[in-house]
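*Asks:* First to last, the sequence lines map onto chains F and D. Position one of the first sequence corresponds to residue 29 (this note's numbering), numbered consecutively onward. Position one of the second sequence corresponds to residue 554 (this note's numbering), numbered consecutively onward.
Hints listed in this document are in silico derivations from the structure and should not be mistaken for laboratory results. All residues carry an ideal CB built from backbone N, CA and C; glycine is no exception. Please note that the accuracy of each hint is not assured.
What the hints assert, rightly or not - Pairs of lysine-lysine, DSS-like flavour, derived with a Cα cap of 27 Å: (1) D:667 to D:682; (2) D:581 to F:161; (3) D:885 to F:90.
Claimed, not checked - Where chain F lies over chain D, by a calculated footprint (3+ residues, C-beta under 8 Å): (4) 568 to 582; (5) 681 to 688; (6) 742 to 754; (7) 965 to 974.
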Amino acid sequence: MNPLSFITNSRNPNLNVAQIYRRYSNRSAYIPLYSQKVPAGFPSPATDFVEARLSADDYLVKNPISTYFVRVKGDSMMNAGIFDGDVLIVDRSIEPSIGQVVLAEVDGEFTVKYLGNNKLVPANPNFQPIEFKDGQTISVIGVITGSMRKFL
Amino acid sequence: MKRSIALIDVNNFYVSCERVFNPKLNNKPVVVLSNNDGCAISRSNEAKELGIKMGEPWFKCQELARQYHIQGLSSNYALYADMSNRVMAILRDFSPNQEVYSIDECFLDLTGFKNLTSYGQEMRGRILKWTGLPVCVGIGATKTLAKLANHCAKKMPEFEGVCDFGALANHESNALLMKIEVGEVWGVGRRLTSKLLALGIKTAYDLKQADPEYLRQQFSVVMAKTVSELNGTICIELEDISPPRKQILSSRSFGQPVRDYNSLAEAITLYMSRAAEKLRAQDSVAGLLHVYIRTNPHKPDDPQYANGMTISLPSPTDDTLQLVKTALWVLKRLYKRHYAYAKAGVYLGDLMPRSSAQIDLFTSAQPTSRSQNLMSTIDQIQAKMGRGSIKLASEGMSYSWKMRSGRKSPNYTTSWDGLVVV
């Protein structure tokens, strides 16, 4: 297929030279392209520098399909910077490893703790670790990849 | 080339969704009820074993429920739609050709793929890990066989959730088909079952061995096609099915690739209007709506994009205007620029008779004829002023997504107030 055949696309008469250039130099990137006419005089020097505005979603969520949010109650993870009312980002697709903060299920309840060797460890000296015997598996739902807190 | 079609579906979908976010429901008898807590529409295996039937009115189960502590939950379609979208998105990565058949099942074309049983296990593993939902995978040379393989994967533990007829010797798959009642075959309803039984056709294997020409005379061309499909000849291509009454599908490939949003919006508007007409023709209302768009997978050199989304309607409706509005709202979220779209479609699900749907207090008495008038007016304006002269999408959405039901779980994934507390 001729890659420029769409120039004659009558459905989108607003396509202009600037757009065609960016479309084919950014094959896979998703960036905003404004339907701006090319001026007859000097072109706007900014048109080549249009980029996507930063998105908190992109920053916090790597894999949206496997990502869930949960809300924190209590202060057992206080010293890990996780406080009552925070919203945590859980990615189920990540393979958990020792030392990570994880969402686990214990007796039908969800809990957030550090993953240890056969135990779930709180980040608060007032709480006891949850120990597991050999052969007992800790049911880890996902890895906590970040948290969100609003001040207003 | 020998074809390989997979059917993947989520086990006890609604109940399984509830369990992901409330693990206390695991290993307990649970049923999910239809709108207004009417009937059981999804049952855990424990509830099935206690004898709760599909579609059984909940008030009739009260005695049993008290005795065995059966949990009856109101349906939470916002949750199910979100989980469905996640499952379908995961499966989309496993094949270039996907047909979302309903909220909890889809076909994948795996023709040319190798080691299909382990591929199916990979799907199961990833869906379980990423969503917490259990699925079964059935693989066969046709959609009809894939459905039956899925049935085996679900009912026979030795398959561990994945059954590939293609990996079995002929006598092995025939032995399986002999164990399946003919009523389980795709497209064979209750009425046809009794007629087939009268002819001595009792199992899926019997039907496979039957003379297609004789069945064409006795039944219809559809039954003859089913026989061909059971023998491994594709008669029903992916996305080429006349859908069962529980959902209405409207889709079409474009004559030439479409790139701009407006053209897609026109197509979606058209398809949705048609689907809504069919919906009214059978006196039903829809509770769920699905929209999908995709590029041409047969042009691998072009950039590829395919996406679909299911959402629940605030209340079941057959109103064209509301359905179109909602579909365009979905389309806006699916659409990405710079792709050459080859196909778009919509389907309506969670259908129920209009008479049993709750009528909104503030809806006028004849919403249907009113919206029909409006739609035909829009069509006339478009005919006069050119296509795209009227855009419904710009109106935006101001729905409250709340359902009216008593025992509904929170919207764990679609509302900040509904998040799981840990």
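*Asks:* State for each hint whether it applies.
*Replies:* Hints and how they fare:
1. Straight-line distance between C-alpha atoms of residue 667 of chain D and residue 682 of chain D comes to about 23 Å, which keeps the hinted pair within the 27 Å bound.
2. Between residue 581 of chain D and residue 161 of chain F the CA atoms are separated by roughly 25 Å; this keeps the pair inside 27 Å, and the hint holds.
3. For the proposed pair residue 885 of chain D and residue 90 of chain F, the alpha carbon gap of about 22 Å is at most 27 Å, so the pair holds.
4. Evaluation of the coverage hint for the region 568 to 582 of chain D: fulfilled, as 3 residues show C-beta separations to chain F shorter than 8 Å, against a requirement of three.
5. For the region 681 to 688 of chain D, the assignment as covered by chain F holds, since 4 residues bring a beta-carbon within under 8 Å of that chain's beta-carbons and 3 suffice.
6. For the region 742 to 754 of chain D, the stated coverage by chain F is violated: 0 residues have a C-beta nearer than 8 Å to a C-beta of that chain, whereas at least 3 were required.
7. Given a C-beta distance limit of less than 8 Å, the hint that chain F covers the region 965 to 974 of chain D holds, as 6 residues qualify and 3 suffice.
Figure legend: structure checked against the earlier numbered hints; the only hint not met is number 6.
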